[in-house]
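**Q** For reference, the chains in residue letters:
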Amino acid sequence: MSIACLFNINFEKKNPDQAKAIAVEYADERNTIIRNRAKSKAADIIQVTTLIIISLFAILLDGPTWIIIVLCLFFIMYQGLILIFMNKYNQEM
Amino acid sequence: MNNRLEAIRKEKGISQETLAKVLEVSRQTISSLENGRYNPSILLAFKLARYFELAVEDIFIYEEEQPC
Numbered sequence: 001m002s003i004a005c006l007f008n009i010n011f012e013k014k015n016p017d018q019a020k021a022i023a024v025e026y027a028d029e030r031n032t033i034i035r036n037r038a039k040s041k042a043a044d045i046i047q048v049t050t051l052i053i054i055s056l057f058a059i060l061l062d063g064p065t066w067i068i069i070v071l072c073l074f075f076i077m078y079q080g081l082i083l084i085f086m087n088k089y090n091q092e093m
Numbered sequence: 101m102n103n104r105l106e107a108i109r110k111e112k113g114i115s116q117e118t119l120a121k122v123l124e125v126s127r128q129t130i131s132s133l134e135n136g137r138y139n140p141s142i143l144l145a146f147k148l149a150r151y152f153e154l155a156v157e158d159i160f161i162y163e164e165e166q167p168c
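So the sequence lines, in the order shown, correspond to chains A and B. What the first sequence shows, in the numbering used here, is residues 1 to 93, in sequence order. What the second sequence shows, in the numbering used here, is residues 101 to 168, in sequence order.
Some clues are possibly wrong.
[What the hints assert, rightly or not] Computed list of lysine to aspartate or glutamate pairs in DMTMM-like fashion (alpha-carbon distance at most 25 Å, straight line):
no., chain 1, residue 1, chain 2, residue 2
1, A, K20, B, E157
2, B, K147, A, E92
3, B, K147, A, D17
4, B, K147, A, E25
5, A, K13, B, E106
6, B, K121, A, E12
7, B, K147, A, E29
I should point out that these hints are in silico values taken from the structure, not numbers from a laboratory.
Produce the complete structure using the sequences and hints provided.
**A** Pasting the structure below:
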């Protein structure tokens, strides 16, 4: 349990109405769609910039091989997770 | 999707805030619905219809998109 979690619990005890309003805002369907789209977009950008471009720079600048291997593994893990979740949601829906 | 949500809401004299509280959504969702910038889920559409005691088709107007 983190300090932020403890702070949240304390806040909820002192301000139940506000806590409920925050919970409603978080669970709101439009906000959920916005949050999921933002996360998806951010992941796509990170994938391209961090993984692919840094890998290319590492290769072109003759960087250590382990960096390139780690970045490739992260790329494979990212793609693998996408397939796993697509399969999972395909079965659920 | 066009809708008559704003007109119906004003007819009943209910604020966006009140409607949002009753339906347990944010006020911004109600505002976006009324502006047509956001289409509700089927669950929310039915909740709205039930709240106003109307049919879903009376609130939301479905117009088929014309092919180019």
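**Q** For each hint, tell me whether it holds in the structure or not.
**A** Hints and how they fare:
1. With a CA separation close to 32 Å, the supplied pair K20/A and E157/B exceeds the 25 Å bound.
2. A C-alpha spacing of about 24 Å is found between K147/B and E92/A, which places the hinted pair at or below 25 Å, so the restraint holds.
3. The hinted pair formed by K147/B and D17/A meets the criterion: a straight-line CA distance of about 23 Å does not exceed 25 Å.
4. The straight-line distance between the Cα atoms of K147/B and E25/A is roughly 17 Å, inside the 25 Å bound, and the hint therefore holds.
5. Between K13/A and E106/B the CA atoms are separated by roughly 36 Å; this puts the pair beyond 25 Å, and the hint is violated.
6. For the proposed pair K121/B and E12/A, the alpha carbon gap of about 19 Å is at most 25 Å, so the pair holds.
7. About 13 Å separates the Cα atoms of K147/B and E29/A, which keeps this hinted pair within 25 Å; it holds.
Violated hints for the displayed structure, listed by number in ascending order: 1 and 5.
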